[in-house]
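Each protein sequence line maps, in turn, to chains A and B.
In short: position in the first sequence from 1, add 1, done, that's the numbering used here.
In short: position in the second sequence from 1, add 481, done, that's the numbering used here.
Hints may contain errors.
Lysine-lysine pairs mimicking DSS-like chemistry, simulated, CA-CA at most 30 Å apart [claimed, not checked]:
id	chain 1	residue 1	chain 2	residue 2
1	B	K550	A	K56
2	A	K42	B	K507
3	A	K65	A	K21
A short list of chain B residues far from chain A (calculated; beta carbon distances all over 10 Å) [as the list claims (entries may be wrong)]:
id	residue
4	D488
5	E498
6	Q514
7	R522
8	H538
9	T545
10	T558
11	A566
12	S587
For the record, the hints were derived by calculation from the structure and aren't laboratory data.
Note that the Cβ used here is the ideal one computed from N, Cα and C, for glycine as well.
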Amino acid sequence: GAVVSQHPSWVICKSGTSVKIECRSLDFQATTMFWYRQFPKQSLMLMATSNEGSKATYEQGVEKDKFLINHASLTLSTLTVTSAHPEDSSFYICSARDPGLAGNLLRFNEQYFGPGTRLTVT
Amino acid sequence: SQQGEEDPQALSIQEGENATMNCSYKTSINNLQWYRQNSGRGLVHLILIRSNEREKHSGRLRVTLDTSKKSSSLLITASRAADTASYFCATDPSTRNQFYFGTGTSLTVIP
């Protein structure tokens, strides 16, 4: 199946600094990637939809100036948490759809998830 | 919020027993998917059921979908200790090209 990687897998940063998280589709080209945030023992909350070559679409309540998303290529999307604060500590997960599966009615809506990035802001 | 709800929030069973978890959602959907997440790890796709399907099987998994009630259930038969994880349903709304996850069920299978 399709593989999505994230880097780094975990990061600790000081309050006020910025952190960049990368999401890569390894064996397919993803025109759309999704970014989620998950607090401990909670579900995944969709933060934004990342579209290659255009601006990301943010969910209500997510600050676009704080969570900068760049999708400059068909295999890479980045999420930058700017001026991080302890309350931004969370598990960040990206996902992507494989447009090559568009002809497969059984699979074309599958999303492939990265392994996640654990961010701790001290 | 677009998020669906799952119940129970937590479920603890003995190995060999069946585990059933339910998911309710709010809007019309293209499909519904179930995912599994081991503690602190990424998600693993389990099964997808389309809006025109009522039941689907995959190994020890059985998923049902009732679009009139906007609900789905996941049954894991003959559970194993390795099934211990959190399980999430995710809906693909008809009107948006996005996913929304349910609140999740934490399953513990006791050996």
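> Regarding the assertion that D488 of chain B does not contact chain A, is the least Cβ-Cβ distance greater than 10 Å?
Replying inline: At roughly 13 Å from the nearest Cβ of chain A, D488 of chain B sits farther out than 10 Å, so the non-interface label holds.
> Going by Cβ atoms, does Q514 of chain B stay more than 10 Å from chain A at every point?
Replying inline: Q514 of chain B is in fact no farther than 10 Å from some Cβ atom of chain A, at 7 Å.
>> Confirm or reject: E498 of chain B is not an interface residue toward chain A, with every Cβ-Cβ distance exceeding 10 Å.
In response: Label holds. Min Cβ-Cβ 24 Å, cutoff 10 Å.
> Should the label of T545 of chain B as a non-interface residue stand, given a Cβ cut-off of 10 Å to chain A?
Replying inline: holds (18 Å)
> Does the claim that A566 of chain B lies off the interface hold, with its Cβ farther than 10 Å from every Cβ of chain A?
Replying inline: Holds, because the least Cβ-Cβ distance between A566 of chain B and chain A comes to about 13 Å, which exceeds 10 Å.
> Holds or violated: K65 of chain A with K21 of chain A, Cα cutoff 30 Å?
Replying inline: holds (14 Å)
> Does the structure keep K42 of chain A and K507 of chain B at a Cα separation of 30 Å or less?
Replying inline: Holds, at about 22 Å.
> Is the Cβ of R522 of chain B farther than 10 Å from every Cβ of chain A?
Replying inline: violated (7 Å)
> Beyond 10 Å from every Cβ of chain A: is that where the Cβ of H538 of chain B lies?
Replying inline: H538 of chain B is indeed farther than 10 Å from all Cβ atoms of chain A, at 14 Å.
> Is the Cβ of S587 of chain B more than 10 Å away from each Cβ in chain A?
Replying inline: The claim is violated: S587 of chain B sits with its nearest Cβ about 8 Å from chain A, within 10 Å.
>> Checking a non-interface call: every C-beta of chain A should be farther than 10 Å from the C-beta of T558 of chain B. Is that right?
In response: holds (22 Å)
> CA of K550 of chain B to CA of K56 of chain A, is that 30 Å or under?
Replying inline: Between K550 of chain B and K56 of chain A the Cα gap is close to 36 Å, so the pair fails against 30 Å, i.e. violated.
Comparing the model with each numbered hint stated earlier shows that hints 1, 6, 7, 12 do not hold.
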